[in-house]
Amino acid sequence: MKKVFPPPTPSQVEAIEAGLEPVLVLAGPGAGKTFCLIHRVRYLIDIHELEPSRICVFTFTNKAAGEIATRLETELGERVELVRRGTIHSFCVELLREFGSTVGVEPGFGIADDDYQLSILRRLEGFRRWHGRVLAAFSAHRFRGDPLKPDDRFLYERYLDFLSARNVLDFDMLVLKAAQLFADDSVARQIRARWSAVLVDEFQDLNPVQYRIIRELARDHRNVFAVGDDEQSIYSWTGADPEVFREFQDDFSVGTKAQLGENRRCPPQVIELARRLMAGNTPIFADRRHAEASHESSFEVTALSFPTEDTEISWIIDDIRRDRAEHGLPWGEYALLYRKHEIGDTAEAGFLTAGIPCRLANKRALAEDPAVCYVIAALRVIAIPSDALHKEGFLKVVLPKPLFDATQAKAEEKNLTLLEYMDERARELPSEHEDRRKMVRSMYALRNLAALGTRHTEITHLVEELLSQRVGEYRTTLEDNHDEISDPGADDDVVRLAEQLADASRERRTLWMPRIGGAEIALKGILAGASPHAVVLGGSRPPDAVEVRFPERSPLGLALGVFKAVQYLRSRSFENHFVDYTTVDLETTDRDRDRAEIVEIAAVRVRGGKITERFQRLVRPRIAIAEGARATHGISEADVATAPYFEEVWPEFRSFCGSDVLVAHNGYHFDFPILRRMSEGLPGADFVSYDTLLLAREVHSGSAKLVDLARVYGIDPGQSHRALADCETLAQVFIRLGEAKVARARKTALINLLDHLGVALALSDEEKLGAEATLFRRLSRVYALGRYSDALEFYRVQREESGDPALPTMEDVIERLGGETVMNRIRAEKSAEQRYPHAMHRLRPLLDQAAGKPIAEQLKDFLERVVLSLSDRVERDPARVNLLTLHSTKGLEFSRVYIVGAEDEQLPGQHRDVGRRDIEEARRLLYVGMTRTKDRLVLTRAEARGGKMTGRHRFLDEMGLIPKKPR
Numbered sequence: 011m012k013k014v015f016p017p018p019t020p021s022q023v024e025a026i027e028a029g030l031e032p033v034l035v036l037a038g039p040g041a042g043k044t045f046c047l048i049h050r051v052r053y054l055i056d057i058h059e060l061e062p063s064r065i066c067v068f069t070f071t072n073k074a075a076g077e078i079a080t081r082l083e084t085e086l087g088e089r090v091e092l093v094r095r096g097t098i099h100s101f102c103v104e105l106l107r108e109f110g111s112t113v114g115v116e117p118g119f120g121i122a123d124d125d126y127q128l129s130i131l132r133r134l135e136g137f138r139r140w141h142g143r144v145l146a147a148f149s150a151h152r153f154r155g156d157p158l159k160p161d162d163r164f165l166y167e168r169y170l171d172f173l174s175a176r177n178v179l180d181f182d183m184l185v186l187k188a189a190q191l192f193a194d195d196s197v198a199r200q201i202r203a204r205w206s207a208v209l210v211d212e213f214q215d216l217n218p219v220q221y222r223i224i225r226e227l228a229r230d231h232r233n234v235f236a237v238g239d240d241e242q243s244i245y246s247w248t249g250a251d252p253e254v255f256r257e258f259q260d261d262f263s264v265g266t267k268a269q270l271g272e273n274r275r276c277p278p279q280v281i282e283l284a285r286r287l288m289a290g291n292t293p294i295f296a297d298r299r300h301a302e303a304s305h306e307s308s309f310e311v312t313a314l315s316f317p318t319e320d321t322e323i324s325w326i327i328d329d330i331r332r333d334r335a336e337h338g339l340p341w342g343e344y345a346l347l348y349r350k351h352e353i354g355d356t357a358e359a360g361f362l363t364a365g366i367p368c369r370l371a372n373k374r375a376l377a378e379d380p381a382v383c384y385v386i387a388a389l390r391v392i393a394i395p396s397d398a399l400h401k402e403g404f405l406k407v408v409l410p411k412p413l414f415d416a417t418q419a420k421a422e423e424k425n426l427t428l429l430e431y432m433d434e435r436a437r438e439l440p441s442e443h444e445d446r447r448k449m450v451r452s453m454y455a456l457r458n459l460a461a462l463g464t465r466h467t468e469i470t471h472l473v474e475e476l477l478s479q480r481v482g483e484y485r486t487t488l489e490d491n492h493d494e495i496s497d498p499g500a501d502d503d504v505v506r507l508a509e510q511l512a513d514a515s516r517e518r519r520t521l522w523m524p525r526i527g528g529a530e531i532a533l534k535g536i537l538a539g540a541s542p543h544a545v546v547l548g549g550s551r552p553p554d555a556v557e558v559r560f561p562e563r564s565p566l567g568l569a570l571g572v573f574k575a576v577q578y579l580r581s582r583s584f585e586n587h588f589v590d591y592t593t594v595d596l597e598t599t600d601r602d603r604d605r606a607e608i609v610e611i612a613a614v615r616v617r618g619g620k621i622t623e624r625f626q627r628l629v630r631p632r633i634a635i636a637e638g639a640r641a642t643h644g645i646s647e648a649d650v651a652t653a654p655y656f657e658e659v660w661p662e663f664r665s666f667c668g669s670d671v672l673v674a675h676n677g678y679h680f681d682f683p684i685l686r687r688m689s690e691g692l693p694g695a696d697f698v699s700y701d702t703l704l705l706a707r708e709v710h711s712g713s714a715k716l717v718d719l720a721r722v723y724g725i726d727p728g729q730s731h732r733a734l735a736d737c738e739t740l741a742q743v744f745i746r747l748g749e750a751k752v753a754r755a756r757k758t759a760l761i762n763l764l765d766h767l768g769v770a771l772a773l774s775d776e777e778k779l780g781a782e783a784t785l786f787r788r789l790s791r792v793y794a795l796g797r798y799s800d801a802l803e804f805y806r807v808q809r810e811e812s813g814d815p816a817l818p819t820m821e822d823v824i825e826r827l828g829g830e831t832v833m834n835r836i837r838a839e840k841s842a843e844q845r846y847p848h849a850m851h852r853l854r855p856l857l858d859q860a861a862g863k864p865i866a867e868q869l870k871d872f873l874e875r876v877v878l879s880l881s882d883r884v885e886r887d888p889a890r891v892n893l894l895t896l897h898s899t900k901g902l903e904f905s906r907v908y909i910v911g912a913e914d915e916q917l918p919g920q921h922r923d924v925g926r927r928d929i930e931e932a933r934r935l936l937y938v939g940m941t942r943t944k945d946r947l948v949l950t951r952a953e954a955r956g957g958k959m960t961g962r963h964r965f966l967d968e969m970g971l972i973p974k975k976p977r
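Quick note, the numbering used here runs 10 ahead of the 1-based positions in the sequence shown.
These are calculated hints, taken from the structure and not from any lab test.
One thing to keep in mind: the hints can contain errors.
Unchecked claim - Pair by pair, the computed Cβ-Cβ distance ranges are:
no.: 1; residue 1: E434; residue 2: G76; range: 45 to 55 Å
no.: 2; residue 1: S713; residue 2: A175; range: 24 to 34 Å
no.: 3; residue 1: R962; residue 2: D858; range: 23 to 33 Å
no.: 4; residue 1: R286; residue 2: E31; range: 51 to 61 Å
no.: 5; residue 1: T84; residue 2: K620; range: 50 to 60 Å
Claimed, not checked - Below, simulated SDA-like cross-link-like pairs (lysine to any residue); rule was C-alpha separation at most 25 Å, straight line:
no.: 6; residue 1: K424; residue 2: R687
no.: 7; residue 1: K187; residue 2: R143
no.: 8; residue 1: K420; residue 2: R721
no.: 9; residue 1: K958; residue 2: D945
no.: 10; residue 1: K715; residue 2: R446
no.: 11; residue 1: K870; residue 2: H471
no.: 12; residue 1: K620; residue 2: R446
no.: 13; residue 1: K406; residue 2: S111
no.: 14; residue 1: K975; residue 2: E474
no.: 15; residue 1: K187; residue 2: S111
no.: 16; residue 1: K863; residue 2: H587
no.: 17; residue 1: K350; residue 2: Q242
no.: 18; residue 1: K751; residue 2: E494
no.: 19; residue 1: K73; residue 2: S246
no.: 20; residue 1: K406; residue 2: L173
no.: 21; residue 1: K863; residue 2: R721
no.: 22; residue 1: K944; residue 2: P20
no.: 23; residue 1: K751; residue 2: E474
no.: 24; residue 1: K751; residue 2: R447
no.: 25; residue 1: K870; residue 2: K974
no.: 26; residue 1: K187; residue 2: K267
no.: 27; residue 1: K406; residue 2: R447
no.: 28; residue 1: K73; residue 2: S111
no.: 29; residue 1: K159; residue 2: R926
no.: 30; residue 1: K267; residue 2: R222
no.: 31; residue 1: K620; residue 2: S550
no.: 32; residue 1: K350; residue 2: D397
no.: 33; residue 1: K424; residue 2: P380
no.: 34; residue 1: K974; residue 2: R222
no.: 35; residue 1: K187; residue 2: G136
no.: 36; residue 1: K944; residue 2: G970
no.: 37; residue 1: K620; residue 2: R721
no.: 38; residue 1: K406; residue 2: V144
no.: 39; residue 1: K958; residue 2: P918
no.: 40; residue 1: K406; residue 2: D433
Don't be surprised by glycine CBs; every beta carbon is placed ideally from N, CA and C.
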């Protein structure tokens, strides 16, 4: 439904319709500043007749930039794409890509996100808990000139050297280097000439250098439209300073200062208390008029005191339950806001135990999903394989955290790289040890990434392959059970239904299903989750509508048949991209990879999945052939007595292999280390390798030995344990493994729709379910009842809209899925796999923007957008109680707000370095939190938190609020 916005207020009209001059718009919470900014853009185009391409809009997040485009598109159409919009960091990247060489920035530079920066500091001096504060000190030094401590100064210089050696810029350097461009008159003129108007959202979040860029951009035309609120400046660690408002007024002699006069979000009682709080701060503007509330609420603001954090959270949970029972609000209208993450962790545990859906937003939006983190980490290694920190970042994602932390600590203790230590440790542990298995799997996966990157020309296909062979802690339930699941592409009935759905979508025809006891609602959710066509339920079939049905004779049944048809529809483009390569195999003097020498080397070239050429040579070793090795491969000393030495064979072998990926089975354990050792110092010693063992274990549940795989796939292994025969066998087995991988990808696709499938199967006749449908019923229940599911809410809404009381209620559905007790237990378990379905949804917009270029450029563009997107704020969850830090709440609003930790230890903080500037920012932080409220505000404090006394409640006192004991 299209959102309807109220007409502009007089103060908004004043700002929107100002002349082509410097304009400052002071906009408090809920005053409609985004509305004002968007309509200013339209006004510049329609009334002042500026070309859209001459307008530059700066937003604080990429999401805000997208919102501006969406809301303007109705009136501007495709012209909206000509308006330059985005964050100041993305703007700086564009400038440096074009003009960076003038300020010493080399082409092709990378961008360091927070994790990469912390990894650098750890590399330079080992793990320190305070590294986050050190990076904040670096920013304050660069943007505000704050002095660094002697130890930090030395670390800062080494940090800069580390970045420079790798041609990487951090976020601060993007801004600093871009600002330096304006010192070059020629470059500055070119940049300024591009735009006739500059608009800035969230002006209070600018640091002095960012403001300098804005000032230089508008130096000639002076047409700047700045929207902000000095009382919401809460990011001082980034260098943000509300004094930029004064600088703007002085630099541009601002004539129009519009003050938006209406708060359409908060009730008067909240605004009144917020104003009392802010009275303690030194005002930037003596003549500041504050917005009046236009939204009434019957709730008084409440302040409560509790003996401990446990009693505090327990009361909040009970209060939310009572309030929701009384008013019927969605869970997403409730928010707990706090300053420190520890409070959120405590709250989350309480909510999950109580069976209340909640969402702890302790990371930035994109980085919350572990599958997304996996994809990003893998693509970074593929894009820059020489960067050791990216390799460590990948291992951090795929290894269980306890194992990774322990391994990293031991590596630092021994002064080894992480990979060196893992290789050493894997040799020491027995083969059946679980840690060894995990380390070997993760190292195999890491080394295979380079080969995967060479096999794709589209980043989307590369990401699909990465997700199809996921390694590490997190796996989906379909992956774990893939050998019991049928391939949708192998079922004629499934393919036939998929083709019908595709035809209906292409012809824009409506789909129709009769009433079948409520299961049709869940099936509508499956169809809606995969394609855009309309779905009508019940009644008579509309003219020209396509009925969704599945043969009764099929053991799959209707629900699973529809799910698999949608799976097939979405996975038809899946294919094996690894069809050109060279397999290699060695026979050696013994099994000791650290000293063994090669006695036979062979290679088989494969093109399009077919063997085209073969290479085989005997090699004369410089050590004796062990009796056991001779018995295995049958090569004697006499056989190789006149053969050439390895260094004589190597050039011919490398010429045969060319630039192909070298593929071996169990190659990382044996063949590749020996090849690298013996070719060290020879031309062509650097090659890309791929080990098929990991893939075999992923797609085949039995023995992963090459001879056993050949037997399973009906391949004649020839003379086993001779290099050429093994190469030929592997070449054929690898193709079959690739086909099995594609089939598995089809079988395990669309896990994000398992929640709807779970509801559909729960409402189906259990006695008529076949074996596979019964398996899916069991597997999908977790998703249907899980805390990340929206299937139950979808069912409830659709049932209410149908007006059919005969349909099972949502409570009936929950009971058929196992009951409320089971649901509460499932929702209390923090299962990472339940976040997995959202990965492609989160990644898709960034992937689509990178398409249509060479793969190296796609990777660079995608990773650049990822880093820039990590600065986006978290988003409100409409279906769960939101647990958020105060710093992450700007732009959000909720009906019920609980500010937890309104005590001196949290706000403003009791450490000895707290000064006037810190206290004033803490007031602004609390002010931001309070003004997220649409209806009811509760502030709580605990007398003791974590066993320590928390002090008094200065800010509550300033507002005249006396915290009471709850009744």
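Now for the hints, and whether the structure bears them out:
A C-beta distance of roughly 48 Å is found between E434 and G76, which places it inside the suggested range of 45 to 55 Å. Between S713 and A175 the C-beta distance comes to about 46 Å, which lies outside the given range of 24 to 34 Å. Separation of R962 from D858 is about 53 Å and departs from the stated range, judged on CB atoms against 23 to 33 Å. With their beta carbons about 36 Å apart, R286 and E31 fall outside the hinted range of 51 to 61 Å.
Range check, T84 to K620: Cβ separation about 54 Å, and the 50 to 60 Å hint holds. Simply put, K424 and R687 have alpha-carbon atoms about 23 Å apart, close enough for the 25 Å limit, and the pair holds. Taking the CA atoms of K187 and R143, the gap is near 23 Å; set against the 25 Å cutoff, the hint holds. In summary, the hint linking K420 to R721 is not supported, as the alpha carbons are separated by about 42 Å, beyond the 25 Å threshold.
About 33 Å separates the Cα atoms of K958 and D945, which puts this hinted pair outside 25 Å; it is violated. Between the alpha carbons of K715 and R446 the distance comes to roughly 19 Å, so the proposed pair stays at or under 25 Å and holds. Using a Cα cut-off of 25 Å, the hinted pair K870 and H471 holds, with the two alpha carbons roughly 16 Å apart. Restraint check for K620 and R446: not satisfied, since their Cα atoms lie roughly 36 Å apart, outside the 25 Å limit.
At most 25 Å may separate the alpha-carbon atoms for a hinted pair to count; K406 and S111 exceed this at roughly 34 Å. Note on K975 and E474: the hinted pairing is violated, with a Cα-Cα distance of about 55 Å set against a maximum of 25 Å. In summary, the hint linking K187 to S111 is supported, as the alpha carbons are separated by about 10 Å, within the 25 Å threshold. This hinted pair checks out: K863 and H587 have alpha carbons roughly 18 Å apart, not beyond 25 Å.
Only pairs whose Cα atoms come within 25 Å are accepted, and K350 paired with Q242 is accepted, the gap being roughly 18 Å. Proximity of K751 to E494 is assessed by CA-CA distance (about 15 Å); at most 25 Å being required, the pair is judged to hold. Distance check on the hinted pair: K73 and S246 sit about 22 Å apart at the alpha-carbon level, within 25 Å; holds. A distance of roughly 21 Å separates the Cα atoms of K406 and L173; the hinted pair therefore holds under the 25 Å criterion.
Distance check on the hinted pair: K863 and R721 sit about 42 Å apart at the alpha-carbon level, beyond 25 Å; violated. Under the criterion of a C-alpha separation no larger than 25 Å, the hint pairing K944 with P20 is consistent with the structure, at around 23 Å. In summary, the hint linking K751 to E474 is supported, as the alpha carbons are separated by about 11 Å, within the 25 Å threshold. Distance check on the hinted pair: K751 and R447 sit about 21 Å apart at the alpha-carbon level, within 25 Å; holds.
This hinted pair does not check out: K870 and K974 have alpha carbons roughly 56 Å apart, beyond 25 Å. Distance check on the hinted pair: K187 and K267 sit about 31 Å apart at the alpha-carbon level, beyond 25 Å; violated. For the hint pairing K406 with R447, the CA-to-CA distance comes to about 16 Å; that is within 25 Å, so the pair holds. About 30 Å separates the Cα atoms of K73 and S111, which puts this hinted pair outside 25 Å; it is violated.
With a C-alpha separation of about 21 Å, the suggested pairing of K159 with R926 holds against the 25 Å cut-off. At most 25 Å may separate the alpha-carbon atoms for a hinted pair to count; K267 and R222 meet this at roughly 20 Å. Taking the CA atoms of K620 and S550, the gap is about 54 Å. The hint is violated against a cut of 25 Å. Taken as a hint, the K350 and D397 pair is broken in the structure, with Cα atoms around 33 Å apart against an allowance of 25 Å.
With a C-alpha separation of about 30 Å, the suggested pairing of K424 with P380 is violated against the 25 Å cut-off. Pair hint K974 plus R222 does not hold up; C-alpha atoms about 48 Å apart against a cutoff of 25 Å. The hinted pair formed by K187 and G136 fails the criterion: a straight-line CA distance of about 29 Å is larger than 25 Å. With a C-alpha separation of about 21 Å, the suggested pairing of K944 with G970 holds against the 25 Å cut-off.
In summary, the hint linking K620 to R721 is supported, as the alpha carbons are separated by about 19 Å, within the 25 Å threshold. With a CA separation close to 22 Å, the supplied pair K406 and V144 stays within the 25 Å bound. For the hint linking K958 to P918, the alpha-carbon distance of about 16 Å falls within 25 Å, and the restraint holds. The straight-line distance between the Cα atoms of K406 and D433 is roughly 16 Å, inside the 25 Å bound, and the hint therefore holds.
In this structure, the earlier hints numbered 2, 3, 4, 8, 9, 12, 13, 14, 21, 25, 26, 28, 31, 32, 33, 34 and 35 are contradicted, and the remaining ones agree with it.
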